[in-house]
Amino acid sequence: MSDGNGNGSLKLTAKDFRTDQEVRWCPGCGDYAILAAMQSFMPELGIERERTVFVSGIGCAARFPYYMNTYGMHSIHGRAPAIATGLAASRPDLSVWVVTGDGDALSIGGNHLIHSLRRNVNLKILLFNNKIYGLTKGQYSPTSELGMVTKSTPMGSLDFPFNPLSLAIGAEATFVARAIDTDKKAMTEVLRAAAQHKGTAFVEIFQNCPIFNDDAWAFVRDDKDGVNRIYLRNGEPIRWGAELEHGLRQRADGSIEICPADAPDLLVHDSQHESAALAFALSRVTQETHGGTPVGVFRNIQRPVYDELMAEQLSTATAKRGAGDLAALLHSGETWTIS
Amino acid sequence: MAKPVEQLSTVIVRFAGDSGDGMQLTGSQFTSETALLGNDISTLPDFPAEIRAPAGSLPGVSGFQLHFADHDILTPGDQPNVLVAMNPAALKTNLRDLPNGGTLIVDADAFTERNLQKAGYAANPLEDGSLDEYQLHEIPLTTLTVGALKEIEGVTPREAERSKNMFALGLMSWLYGRNVDSTIAFLEEKFGKKRPEIAAANIKALQAGYAFGETTESFAVTYEVKPAEMAPGTYRNITGNQALSYGLIASSQLSGLPLFLGAYPITPASAILEELAGYKNFGVRTFQAEDEIAAAGAAVGAAFGGSLAVTTSAGPGVVLKAETIGLAIMLELPLVICDIQRAGPSTGMPTKPEQTDLLMVMFGRNGESPVPVVAAKSPSDCFHAAIEACRIALKYRTPVYLLSDAYLANGSEPWLLPEVDSLPDISTTFATEPNFEGEFLPYLRDEQTLARPWAVPGTPGLEHRVGGLEKADRTGNISYDPENHNLMTRLRAQKVAGIASDIPELEVDDPDGDATVLVLGWGGTYGPIAAGCRRVRRAGGKVAHAQITHLNPFPRNTGEVLRRYEKVLVPEMNLGQLLKLVRAEFLVDAVGYNRVSGLPLRAGEIEQAILALVEQQ
Numbered sequence: 126m127s128d129g130n131g132n133g134s135l136k137l138t139a140k141d142f143r144t145d146q147e148v149r150w151c152p153g154c155g156d157y158a159i160l161a162a163m164q165s166f167m168p169e170l171g172i173e174r175e176r177t178v179f180v181s182g183i184g185c186a187a188r189f190p191y192y193m194n195t196y197g198m199h200s201i202h203g204r205a206p207a208i209a210t211g212l213a214a215s216r217p218d219l220s221v222w223v224v225t226g227d228g229d230a231l232s233i234g235g236n237h238l239i240h241s242l243r244r245n246v247n248l249k250i251l252l253f254n255n256k257i258y259g260l261t262k263g264q265y266s267p268t269s270e271l272g273m274v275t276k277s278t279p280m281g282s283l284d285f286p287f288n289p290l291s292l293a294i295g296a297e298a299t300f301v302a303r304a305i306d307t308d309k310k311a312m313t314e315v316l317r318a319a320a321q322h323k324g325t326a327f328v329e330i331f332q333n334c335p336i337f338n339d340d341a342w343a344f345v346r347d348d349k350d351g352v353n354r355i356y357l358r359n360g361e362p363i364r365w366g367a368e369l370e371h372g373l374r375q376r377a378d379g380s381i382e383i384c385p386a387d388a389p390d391l392l393v394h395d396s397q398h399e400s401a402a403l404a405f406a407l408s409r410v411t412q413e414t415h416g417g418t419p420v421g422v423f424r425n426i427q428r429p430v431y432d433e434l435m436a437e438q439l440s441t442a443t444a445k446r447g448a449g450d451l452a453a454l455l456h457s458g459e460t461w462t463i464s
Numbered sequence: 018m019a020k021p022v023e024q025l026s027t028v029i030v031r032f033a034g035d036s037g038d039g040m041q042l043t044g045s046q047f048t049s050e051t052a053l054l055g056n057d058i059s060t061l062p063d064f065p066a067e068i069r070a071p072a073g074s075l076p077g078v079s080g081f082q083l084h085f086a087d088h089d090i091l092t093p094g095d096q097p098n099v100l101v102a103m104n105p106a107a108l109k110t111n112l113r114d115l116p117n118g119g120t121l122i123v124d125a126d127a128f129t130e131r132n133l134q135k136a137g138y139a140a141n142p143l144e145d146g147s148l149d150e151y152q153l154h155e156i157p158l159t160t161l162t163v164g165a166l167k168e169i170e171g172v173t174p175r176e177a178e179r180s181k182n183m184f185a186l187g188l189m190s191w192l193y194g195r196n197v198d199s200t201i202a203f204l205e206e207k208f209g210k211k212r213p214e215i216a217a218a219n220i221k222a223l224q225a226g227y228a229f230g231e232t233t234e235s236f237a238v239t240y241e242v243k244p245a246e247m248a249p250g251t252y253r254n255i256t257g258n259q260a261l262s263y264g265l266i267a268s269s270q271l272s273g274l275p276l277f278l279g280a281y282p283i284t285p286a287s288a289i290l291e292e293l294a295g296y297k298n299f300g301v302r303t304f305q306a307e308d309e310i311a312a313a314g315a316a317v318g319a320a321f322g323g324s325l326a327v328t329t330s331a332g333p334g335v336v337l338k339a340e341t342i343g344l345a346i347m348l349e350l351p352l353v354i355c356d357i358q359r360a361g362p363s364t365g366m367p368t369k370p371e372q373t374d375l376l377m378v379m380f381g382r383n384g385e386s387p388v389p390v391v392a393a394k395s396p397s398d399c400f401h402a403a404i405e406a407c408r409i410a411l412k413y414r415t416p417v418y419l420l421s422d423a424y425l426a427n428g429s430e431p432w433l434l435p436e437v438d439s440l441p442d443i444s445t446t447f448a449t450e451p452n453f454e455g456e457f458l459p460y461l462r463d464e465q466t467l468a469r470p471w472a473v474p475g476t477p478g479l480e481h482r483v484g485g486l487e488k489a490d491r492t493g494n495i496s497y498d499p500e501n502h503n504l505m506t507r508l509r510a511q512k513v514a515g516i517a518s519d520i521p522e523l524e525v526d527d528p529d530g531d532a533t534v535l536v537l538g539w540g541g542t543y544g545p546i547a548a549g550c551r552r553v554r555r556a557g558g559k560v561a562h563a564q565i566t567h568l569n570p571f572p573r574n575t576g577e578v579l580r581r582y583e584k585v586l587v588p589e590m591n592l593g594q595l596l597k598l599v600r601a602e603f604l605v606d607a608v609g610y611n612r613v614s615g616l617p618l619r620a621g622e623i624e625q626a627i628l629a630l631v632e633q634q
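As given, the protein sequences belong to chains A and B, one line each in that order.
The opening residue of the first sequence carries number 126 in my numbering; numbering runs sequentially from there.
The opening residue of the second sequence carries number 18 in my numbering; numbering runs sequentially from there.
Please keep in mind that the hints were generated in silico from the structure rather than gathered at the bench.
Just so it is clear, CB atoms sit at the ideal spot from N, CA and C, and this is done for glycine as well.
Be aware that a few hints might be false.
As the list claims (entries may be wrong) - For lysine to any residue, the following SDA-like pairs were computed, each having C-alpha atoms within a straight-line distance of at most 25 angstroms: (1) A:445 / B:248; (2) A:140 / B:495; (3) A:262 / B:205; (4) A:445 / B:597; (5) A:445 / B:288; (6) A:445 / B:291; (7) B:211 / A:309; (8) B:597 / B:555; (9) A:276 / A:309; (10) B:243 / A:140; (11) A:309 / A:275; (12) B:243 / A:458; (13) A:445 / B:630.
Unchecked claim - Here are the in silico distance ranges between beta carbons for each label pair: (14) B:147 / A:452: 52 to 62 angstroms; (15) A:463 / B:26: 11 to 21 angstroms; (16) B:308 / A:441: 43 to 53 angstroms.
Unchecked claim - Chain B residues, not near chain A, derived (Cβ > 12 angstroms throughout): (17) 438; (18) 440; (19) 461.
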């Protein structure tokens, strides 16, 4: 039997993870690519289908569990991290995945998201970010840009958006990464690292909504030449551009700037750095501010895992006081007998 | 020379002081001493939500009432016979309940000009004759306590002063012939390790209070209340929240499922979370969530994983959980939601009891969303009510509401400990095999209970998806089919309605069998209603009493019982919620008796309400 982080030897194929349900996303939706990547990646983990659970909230992305032939729950808006926390905390033997969107995770479910991150429950959270509400047909979301004109903001949005990765890092996440829906190879690498991570793994996936916010990510999604994608590889200097002519380096104040690729003080990526400062600075590097956007694993550190700690407390208490005895419990404290 | 002993049949004592004066501790220790003597007891703590309101102020007054007797009693008592007031504010807020001629013991030291002013007294009531109607004992409790502790080293004057509650307890223990040994053992256990000098000071104060009683001329007699005749067996004193916690642990053992509690701190339910957090060796997982919604959500997640899942709260938290409970209805998973009712609406009065959540738990959700409801009727009954709620949830794969209230939660009574072997078997089975032609249909129901199979992750071959969207009958796939929705809506309703055949019939207490008036109560009003009925009968009147503990569905004979009586009186700590339900359900012209004061109903007012109805005939 494998553990919940996928160290098994089971032989499965992508087909084993498909269900008989007709997939009902709009033609051209980025979710198809993510689903396909996930179905072909899952066999690699070697985890039995019955020990894998997908939990979602509400939104287009939330249909995901219906299409994975594992256990699954399509729950209520924003609450998937809370529900998954109860499941993972009581069943450390399971591999629990949360599929969510920018509205589900960052608006109505914002509180659950940040608290699951700080607790470090053994969950893998995949946030499909398309910067719009899809299922409710086109209102602005917490990642929509300031001034964005949508059905609910005819004169432009007044809300300053969240940067999901900055938020996750600020919420003490131990694993933070980013992938692009159509970039299967890099996304699989990120999913693999997330699956292997002990604790909460947070993955933002740039996902295209062709109906309500088409081409929101075109600058990286359609970037066949790699002009705008900054791939983060642990232990390697950060270089990018069509000819790898650009680099990144840190200023004295910790923030990051662009430099030539041959600069002597090129930033070497360290996702395991004790301080979250580097990962945070990298999360601030965006297309708008730097002309390129990092993808890959930003942060990946070890911290005690909530469900393991909880199980440990149970076994410590049992070792110390013996397994619970109901009759003794009822008779504890001061008692008196009437004959 | 020993003072003469006067026999009493029943006594009601109220301790009242500043919330920093340790009145809850004093009251609970007096209770414990009294329980060990074999009296029947019933207690009612009454404290403010503020942890430490300004010292000496009216809102800062904390009280504890104890009723003990040589016979079976049902309530903490309507009015105290003895009031111990530790300061002017405590006197002012409690004196209205003390009948003329009642015993009043005050700390004379606390009646300073400043304290009198804070309590809003223009003149000192100890001096202006306004207390002439009472048997007043002015005792300088603070001075006597500080004097007694002079020789104990390492105790600050402030700490010495704070032991005055133990002096008062010692005096009361002497007055009613209680043995203080159990309190001494308690103090040693509580303070002995960390601050032995504090333990010594409190014990000394306790003994000094006792000795003061023996020597003072202020009290001419002492009192004795003989043990009550109670059923043989082993007893302990227990509060509702503690009994409820034990009931959940018992349910876990009786079902063989690990207990998972998702909770967010809220008065008056927090004590259940705190209590259960201490029983990890019973395999209990307690999860203090980020909010009420997450607490319920985590419980649903744990239920999906095969735990006995529970979430606890009070009204303001339960409204937030409504969405998640709707999900549990759709998923048809077992979940117990404990609502320890408190005065509302909104924040209301957090520490005060009410029965105002009944219609919320019945109907406060979107869609046709029936949920079984069980209510506890006394502090110790919370144990059995918890097991019953878990039984129904597991057997019928449904969320179940368990209603208690701030009065049951904090009140206490002696509990005849049940034999573990006598507790019901509430075990359930998980699905392990395909259930239809080699396939697994997650919504293929048990023909008798209409419950669906519970297949937990980790079971090979039964992988399936559930969710909040409407389910197709049998397969559980998403369905928008109109006929299917109509069918599923009715199936969910039928499943809950069918529980009526699996719960006890409504019992009627009608000693002579010829009463024409029925008093119908539910949940936590059992004590005062039963006591009120006894009073009526003692005076020669006839009245029947039935107390409902299953509110959805109602016991199957409820309509028949109601129609048997010419008049039906429904007393409630709300404006008529059960009344509305029985009138709608059974077309019975019942009348209500309602008071929503944040205090338990009193036997006296129930008696009056019954008499008024009897006289109309």
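Comparing the hints with the structure gives:
1. A:445 / B:248: Distance ~36 angstroms between residue 445 of chain A and residue 248 of chain B Cα, so the pair is violated.
2. A:140 / B:495: 22 angstroms, holds
3. A:262 / B:205: 67 angstroms, violated
4. A:445 / B:597: 52 angstroms, violated
5. A:445 / B:288: Cα-Cα ~24 angstroms, so holds.
6. A:445 / B:291: 19 angstroms, holds
7. B:211 / A:309: 62 angstroms, violated
8. B:597 / B:555: 31 angstroms, violated
9. A:276 / A:309: It is violated: about 32 angstroms lies between the C-alpha atoms, which goes past 25 angstroms.
10. B:243 / A:140: 78 angstroms, violated
11. A:309 / A:275: 30 angstroms, violated
12. B:243 / A:458: Holds, because 23 angstroms separates the two Cα atoms, which is no more than 25 angstroms.
13. A:445 / B:630: With a Cα-Cα distance of about 60 angstroms, the restraint between residue 445 of chain A and residue 630 of chain B is violated, given a limit of 25 angstroms.
14. B:147 / A:452: 52 to 62 angstroms: 55 angstroms, holds
15. A:463 / B:26: 11 to 21 angstroms: With a Cβ separation near 18 angstroms, residue 463 of chain A and residue 26 of chain B satisfy 11 to 21 angstroms, so the hint holds.
16. B:308 / A:441: 43 to 53 angstroms: 28 angstroms, violated
17. 438: Non-interface label fails for residue 438 of chain B: nearest chain A Cβ at 9 angstroms, not farther than 12 angstroms.
18. 440: The claim breaks: residue 440 of chain B does not keep its Cβ more than 12 angstroms from every Cβ of chain A (closest is about 8 angstroms).
19. 461: 17 angstroms, holds
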